[in-house]
Every structure is written in structure tokens, then in C-alpha cells.
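Assemble chain B onto chain A, guided by the hints.
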Amino acid sequence: MGQNFQLVVVSAGTSDPSSTRLLADRVAGRVTTLAGKKAQTVGTSVVELRELASEIANALVSNHIGPKLQKAIATLQRADAIVASTPVYKAGASGLFTSFFQILDNDLLIAKPVVLAATAGTARHALVVDDQMRGLFAYLRTVVVPTSLFASTEDWQDNGLNKRIDRAALELVALMTSGFEKSVRDESWGSYQHEYGSAGGTELSIDLDSDLMKLAAGGSAGQKSAG
Amino acid sequence: MQFGIFSVSDITRDPVSGETPSEAERIDAIVQIAEKAEEVGLDVFAIGEHHNPPFFSSSPTTLLSHIAAKTKKLTVSTATTLITTNDPVRIAEEYAMLQHLAKGRMDLMLGRGNTAPVYPWFGADIRQSLPLALENYNLLHRLWREDVVDWEGKFRTPLQGFTSTPRPLDDLPPFVWHGSIRTPEIAEQAAYYGDGFFANNIFWPKEHYMRLIKFYRQRYAHYGHGTEKQAIVGLGGQAYIAKRSQDALNEFRPYFNEAPVYGHGPRMEDFMEQTPLSVGSPQEVIDKTLTFREHFGDYQRQMFLMDHAGLPLKTVLNQLDLLGEEVVPVLRKEIEARQDPETAKPPTHAKRLKDKYGDGPARQPKPNANRGDNVTGGSPYQDSE
Numbered sequence: 001m002g003q004n005f006q007l008v009v010v011s012a013g014t015s016d017p018s019s020t021r022l023l024a025d026r027v028a029g030r031v032t033t034l035a036g037k038k039a040q041t042v043g044t045s046v047v048e049l050r051e052l053a054s055e056i057a058n059a060l061v062s063n064h065i066g067p068k069l070q071k072a073i074a075t076l077q078r079a080d081a082i083v084a085s086t087p088v089y090k091a092g093a094s095g096l097f098t099s100f101f102q103i104l105d106n107d108l109l110i111a112k113p114v115v116l117a118a119t120a121g122t123a124r125h126a127l128v129v130d131d132q133m134r135g136l137f138a139y140l141r142t143v144v145v146p147t148s149l150f151a152s153t154e155d156w157q158d159n160g161l162n163k164r165i166d167r168a169a170l171e172l173v174a175l176m177t178s179g180f181e182k183s184v185r186d187e188s189w190g191s192y193q194h195e196y197g198s199a200g201g202t203e204l205s206i207d208l209d210s211d212l213m214k215l216a217a218g219g220s221a222g223q224k225s226a227g
Numbered sequence: 228m229q230f231g232i233f234s235v236s237d238i239t240r241d242p243v244s245g246e247t248p249s250e251a252e253r254i255d256a257i258v259q260i261a262e263k264a265e266e267v268g269l270d271v272f273a274i275g276e277h278h279n280p281p282f283f284s285s286s287p288t289t290l291l292s293h294i295a296a297k298t299k300k301l302t303v304s305t306a307t308t309l310i311t312t313n314d315p316v317r318i319a320e321e322y323a324m325l326q327h328l329a330k331g332r333m334d335l336m337l338g339r340g341n342t343a344p345v346y347p348w349f350g351a352d353i354r355q356s357l358p359l360a361l362e363n364y365n366l367l368h369r370l371w372r373e374d375v376v377d378w379e380g381k382f383r384t385p386l387q388g389f390t391s392t393p394r395p396l397d398d399l400p401p402f403v404w405h406g407s408i409r410t411p412e413i414a415e416q417a418a419y420y421g422d423g424f425f426a427n428n429i430f431w432p433k434e435h436y437m438r439l440i441k442f443y444r445q446r447y448a449h450y451g452h453g454t455e456k457q458a459i460v461g462l463g464g465q466a467y468i469a470k471r472s473q474d475a476l477n478e479f480r481p482y483f484n485e486a487p488v489y490g491h492g493p494r495m496e497d498f499m500e501q502t503p504l505s506v507g508s509p510q511e512v513i514d515k516t517l518t519f520r521e522h523f524g525d526y527q528r529q530m531f532l533m534d535h536a537g538l539p540l541k542t543v544l545n546q547l548d549l550l551g552e553e554v555v556p557v558l559r560k561e562i563e564a565r566q567d568p569e570t571a572k573p574p575t576h577a578k579r580l581k582d583k584y585g586d587g588p589a590r591q592p593k594p595n596a597n598r599g600d601n602v603t604g605g606s607p608y609q610d611s612e
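Going down the list, the protein sequences come from chains A and B. Quick note: the first sequence uses our numbering, first residue 1, plus one each step. Quick note: the second sequence uses our numbering, first residue 228, plus one each step.
Just chain A, same shape as in the assembly (with noise of 0.2 Å):
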């Protein structure tokens, strides 16, 4: 019997639509596609970051996470395979894209299979993706699929994006129907660092023998180092 996956796109596309989230729902057409042949099903659901704009300007200079954003931060949560998407800007991902990820707990998306995608008016960008985002989906310890997607002006009237598509979306299937995700989490999800409370509100253990815990009632730090 075939599996449940839950599929979330991201994207920082900023018309409707925009080229940017056209790019993300190709994928994520593939992947439905493309899991379907394994008689797996495949559920999608949108983050349309645009919509969240002002609430992410908030949460970064305030901290206060707004309604939507959690929204947003639960949706990740429960996502199996990510597809991130974003317009190029003089040289870089959005700052609407990059800022949203910022914000998010350190230990929200570990081992979550993700591929990336970016949009531009010149083929000039097209390292942005492996120069630039890959930095960012290693820090959130995301397993970013092996073929990046870009597509500038002149890519969408060339088949050669398509298949790159394809690879794309294959390897994403591949992670995703796995289980990389679940061993990582079930066998080593407490070799990460976590706050209590991260992983959007999820991570919640408390280690009652830690030895800040025996501080905490009544013990000791330890001797003052001599000299």
C-alpha cells in the first residue's frame, strides 16, 4: 500500500502569478507525477511568502510571530519534501526569501529533503542557487537535492529546463521515499541542539539528568580551575 507524502512550496515570487512559484509548481507537479509510478500520493500545500511580508518584517526586528507565520512555521513542520523557490535580486536571493528562513527555529527542517529553485532576467545569476542559497539549506541541516534549478528568460523556451526538472523533482522522490528523514530524526534527533520550545513549539524533552538540571536542584558546576 502506498504511502502519504505532504509536499510544501515555498515562494518568494512577488507578482500572481509569478515565474518564480510557475517554476516550484512544475516541480512539484514531477514529484507528484513521479511518486504516483511508486503508487505513492503526494499532497501540496503553498507558502506564498509575499503574503506574509509585513508578519516576517515583524518577527525579524520584534520577535513576535505573527498568525500567519505560524501558520506558515506549522505547515513546514509536517512537510516530507520541501520545494524553495525565489526570484534573483541584484546578485542574491530575495530578501524576503532569505529573511523568512532566518527567522525559523534552527531544528525546524533537519533532514528534510529540499530542492532549490530561482528565477532571474540573466543567466548571469545562475550560480545564485549553489553559491549562495545551498549555504543557508546546509545551516537549517536540510538535505538539499543534487541538481539546483534555475531559470532565466531564455531557459523557458528550452527543453534542456525541463529535464533538469525532472532530475530534480526524481531526486526529491528518492529522499523523500526514503525514510532519510525519520531515521535521522528517530535515531538522532537529540544529537542536534535544540531550545526547549523550537522546532516550531515541537521540541519539548526535557533531560532531567543533564548536569545543568543538577545544578539547577542544588548541585554542583564543577571547582573553579587552579591558578
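Rather than coming from a laboratory, the hints here were simulated on the basis of the structure. Warning: the hint list may mix true and false statements.
[To be verified] Simulated restraints on C-beta separations:
1) A/187 - B/561: 33 to 39 Å
2) B/348 - A/71: 40 to 46 Å
3) A/41 - B/487: 26 to 32 Å
4) A/60 - B/568: 42 to 48 Å
5) B/240 - A/167: 56 to 62 Å
6) A/3 - B/381: 47 to 53 Å
7) A/121 - B/249: 53 to 59 Å
[Stated by the list, open to error] Computed list of lysine to aspartate or glutamate pairs in DMTMM-like fashion (alpha-carbon distance at most 20 Å, straight line):
8) A/71 - B/434
9) A/71 - B/374
10) B/441 - A/207
11) B/433 - A/195
12) B/572 - B/586
13) A/68 - B/496
14) B/441 - A/195
Idealized CB from N, CA, C, for every residue including glycine.
The following block gives chain B in isolation, referenced to the frame of chain A:
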């Protein structure tokens, strides 16, 4: 239940008049605010501790002893006393002295402080903030309970035969609240010692506080101090009150929009909806405050932030009139009617004196004569061997 106000001690430009008060003006104002708190029937006044501009309150015990001298019933407290960058020996001495001068009308709340540059000014390192806070409090707890302390730890020079003077009033250590937003170790320490736990309840969605307060209550019961319902919880909150809610919104909006912490960020209406901030008529503030006990359980102390973000003194005094005359009396009545009978009484000196001594006399330590060696030795007081 106790009601009071807590001040951050910020000196902020008034965004309406454009004026920034001088340190002298703001310090005069805070004394008037504290006196007003007593006049309108509030129970507690608490002040923060900061060591950098634009804050004035670097020396809370000096301010609080002055306020205690000018008032009759008001309990003075802190929000918070820095347990990281202060030497616990000095906290023990200064707050015991305050306790004597205030005749027991005091307690204190401990916090860590989150401004990294402040730590090295006092020889500390913010990366060690949590173990430092925990170890310092373990020592502070002993200094107020043992006449003579031998101690060795990781962060402070060891103590040999040290007596913290004066001994606490009636040999009853000041009551301590531990403030934290999301640190289970702090909640654990509060529970271990049977101290109070305070959630500032201002910035984050309430779920963060609910989880930690629940953990504190469970651990309080685990350590045998009482039931979960008997744990001692305090909450912060903030309000701006006017007879008509539209006036409250209009008057407070410029201060909200430029407030040091959350200004230039969320819309005030969104912030009101998503946090404990109440801006409105007395009835609206009452209704919102009454929901707190539904989320956190019955609690002992409700504090309001009323004097921040550049609000002028005249406005703050007027706010306190409304809070003390129209909001708090109704809250007292409503909460008393709804409160679980198992709920602990607030930790006043009189209540704790009775808990410790019943109707008997309190210990009044009298020191032995100085032996000329300037150390206390093994038995510094006449009633101990």
C-alpha cells in the same frame, strides 16, 4: 492575590511631545509612581536592573529602600535582579538590608540579563549565563539560611567561614521569584527550592509560558512543596486604559508604534490580539486579565507595565488612578469568586512568618562580641554554638 506594577526603568523620548526626560526627572518620577501605586491600592512596585543607558536603575536596593521609607503598605520588588553579573554575596547582603529597612515589605525576582556586553563589565561571560545563574543562586540560597558558609564553586572565589550580614529579618530569607521565558532549568530551580516562578508574559505567544509554568508546577509538587495548584506563580502584563476604548487606542498608539522593544513592528491591534497587551476601557482590561488564570492556572501576583515607552509622568499617574480604582478592585472580586480554594496565598512576610514560627517568636540573631580577628569564626551569634 497581589496586583502591582513593574518598571523597566527606560528613559525614552516621548514621541508625542518630542521631549526626553533627564535622568534626574525620571528618577523623581519613578518615586512618585511608586507612591501613587500605594495610594491607589496596589500591592507591589517592582523595578528592573540595568547597567547601560537609556536605563537609570543600576542600584535597585537604594531606590527600593527609599520607596519603602515613603510608603506604609507597598511591597517593593525587582524585575529583575541580575543573578549572573552580581556577586551573590552582595545580593545576600543588600537585599537582607532592604528587608530590614522595609520591615519585610519586599521580595525579589531573579533574571539572567540578555545584553552580552554587560557581562564582561562585571567580569562574567554571557556564554556561561545559565550555569552562572544556577550556581550563584545555590550559593545565595545558603547565605540567607546558614549563619556560617563554607563554599566552593566554579565561578566565584571560595568562601571560608563567611557570614552574610545582616541576617534576614526575623531569620526569614526574602522570598524569591525566578523569571524565565523558555529555560526549563530556571523553572526547575524555582521548583526545587519551593520559590516563586514569574513569566513576564509580554512578548511571546502564551503557549511558551503555559508550557514552562506547567513544568514548574509539576516539579514543585515533585519536590514536595505542595500540590501543583499551590505553586507560586506571578505574571506580567501591560495595559493602557481610558474610559472609552477609542480614546485608549488613539492615546497609546504613538507610544506603541515607537516603543523600544516592539515598536516599528506589528500593528497595535494585531499585537493586542496575539499578546497580553490590553488597550481599552477598564472593562476590556478586566476581561482580558481574567483570561490569564484560565491559561496559566490560579496565581498569586499580577504585575502591569505602565510607565514605559516615553509615557509622560502625568499620563502614568492618571493610568494608575484608573488601574487602581476601576480595574483592580473588580479583578480582586472576580478572581476571589473564581479562584480554586486550594490556591496558595501570596508570599507576604507576615504569611511566611506564620508558616515558619506559627504563633511563636521569630529568631532575632544577636552577634557575639568582636574577637578582634575580624572573622566570624564558628559561632558568630549568641544563640548558636
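To see whether the hints hold, each was checked on the structure:
For the hinted restraint 33 to 39 Å between residue 187 of chain A and residue 561 of chain B, the CB-CB distance of approximately 51 Å leaves it violated. Checking the proposed 40 to 46 Å range against residue 348 of chain B and residue 71 of chain A shows it holds: the Cβ atoms sit about 42 Å from each other. Checked against the hint of 26 to 32 Å, the pair residue 41 of chain A and residue 487 of chain B fails, with Cβ atoms roughly 50 Å apart. One distance hint, 42 to 48 Å for the beta-carbon pair residue 60 of chain A and residue 568 of chain B, holds here, with the actual separation near 46 Å.
Distance hint check for residue 240 of chain B and residue 167 of chain A: the Cβ-Cβ separation is about 58 Å, which falls inside the suggested range of 56 to 62 Å. Separation of residue 3 of chain A from residue 381 of chain B is about 51 Å and conforms to the stated range, judged on CB atoms against 47 to 53 Å. For the pair residue 121 of chain A and residue 249 of chain B, the beta carbons lie near 55 Å from each other, so the given range of 53 to 59 Å is met. Note on residue 71 of chain A and residue 434 of chain B: the hinted pairing holds, with a Cα-Cα distance of about 14 Å set against a maximum of 20 Å.
The suggested pairing of residue 71 of chain A with residue 374 of chain B is violated, with an alpha-carbon distance near 55 Å, which exceeds 20 Å. This hinted pair checks out: residue 441 of chain B and residue 207 of chain A have alpha carbons roughly 16 Å apart, not beyond 20 Å. Note on residue 433 of chain B and residue 195 of chain A: the hinted pairing holds, with a Cα-Cα distance of about 17 Å set against a maximum of 20 Å. Restraint check for residue 572 of chain B and residue 586 of chain B: the C-alpha separation of about 18 Å stays at or below 20 Å, so the hint holds.
This hinted pair checks out: residue 68 of chain A and residue 496 of chain B have alpha carbons roughly 15 Å apart, not beyond 20 Å. With a CA separation close to 17 Å, the supplied pair residue 441 of chain B and residue 195 of chain A stays within the 20 Å bound.
Figure legend: structure checked against the earlier numbered hints; hints not met, in rising order: 1, 3 and 9.
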